[in-house]
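Reminder that position 107 of the sequence shown reads as 207 in our numbering, one-by-one numbering, no gaps.
By construction, these hints were calculated from the structure, which means they are not laboratory data. Check before you lean on any hint, since a few could be wrong.
For lysine to any residue, the following SDA-like pairs were computed, each having C-alpha atoms within a straight-line distance of at most 20 Å [to be verified]: (1) Lys-180 with Arg-199; (2) Lys-272 with Asp-126; (3) Lys-174 with Arg-162; (4) Lys-272 with Arg-162; (5) Lys-272 with Val-206; (6) Lys-323 with Gly-150.
Keep in mind it's a predicted model, so treat the numbers as computed, not measured.
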Amino acid sequence: MGSVGAKEIPQLITPDGRRIDGRLPDELRQLRIVAGPLHRADGSAYVEWGLNKVMAAVYGPREVHPRHLQQNNKAIVQCKYNMAAFSVDERKRPGLDRRSQEISKVIAEAFESVIFVEEFPRTSIDVYIEVLQANAGTRCAGVVAASVALADAGIPMVDLLPSVAVGKVGGKICLDLKKEEDNFGEADLPMALVPQSGRLVLLQMEGHMTRDELSQSLDLGVKGCRSIYEVMRAALREKYSVEPSAATPAAAGVGQ
């Protein structure tokens with residue numbers, strides 16, 4: 101291990117190219133999605149992604165509060181992203197901080213670009229994202245959870261919106277960073293895109309990459325998003341698929 105001041109830096113990439121948790125650079129953490137776990141929301145989703153645990157709930161379209169935000173020609177999308185005080189190792193102060201406000205704004209803008217907001221003038225579509233347990237990549241997990249929750253609520257969208265972070269770790273471009281890689285890596289690039297068109301609707305970066313590394317990161321992120329997209333679709337199919345009859349056993353199960 102190396103060190104910076106009093107902090108020890110773990111060996112993030114082994115000599116055989118494995119990461120700290122044994123994954124290859126282009127591998128995702130384990131991802132599990134449940135659509136519709138909350139019965140009092142219009143739509144909801146629960147995501148376990150690595151050690152992240154995130155719940156999303158959607159309400160609307162409904163009356164806008166506060167009223168002065170109302171738009172005559174479209175719905176507004178309001179998002180509240182929050183990390184629970186117990187979600188991290190060192191207890192955080194409850195309530196919205198500047199980081200949570202920034203992520204809330206970015207996520208709301210991303211969804212406003214894919215929801216058919218013009219179909220619901222003078223209303224609000226409210227998205228709540230609660231991080232119950234955090235281990236890097238929580239904004240991406242929040243986007244995935246919110247996207248499935250919006251679909252569960254029947255909100256018309258261009259498509260589901262998968263999201264993933266790509267980073268530079270030990271000089272290598274890696275998909276889906278975990279906590280140690282996020283803390284000690286050289287760069288972090290969260291992104292979200294519309295799978296069918298490849299249109300990016302969320303892209304941020306912290307750290308430094310060369311132009312070639314950025315191009316490689318985007319390619320890897322697109323590949324990761326498309327894998328996540330299939331898990332999102334499977335979660336919705338699992339909730340809404342009709343129980344097959346005994347005469348059609350081949351229809352059982354969820355396709356991958």
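Satisfaction of hint between Arg-199 and Lys-180, Cα-Cα up to 20 Å: holds (12 Å)
Satisfaction of hint between Gly-150 and Lys-323, Cα-Cα up to 20 Å: holds (18 Å)
Straight-line alpha-carbon gap Lys-174 to Arg-162, limit 20 Å: The hint holds at about 12 Å.
20 Å limit on alpha-carbon distance, applied to hinted pair Lys-272 and Val-206: This hinted pair is violated, its Cα atoms lying about 27 Å apart.
Satisfaction of hint between Asp-126 and Lys-272, Cα-Cα up to 20 Å: holds (10 Å)
Pair hint outcome, Lys-272 versus Arg-162 [Cα-Cα no greater than 20 Å]: violated (46 Å)
In summary, the numbered hints that this structure violates are 4, 5.
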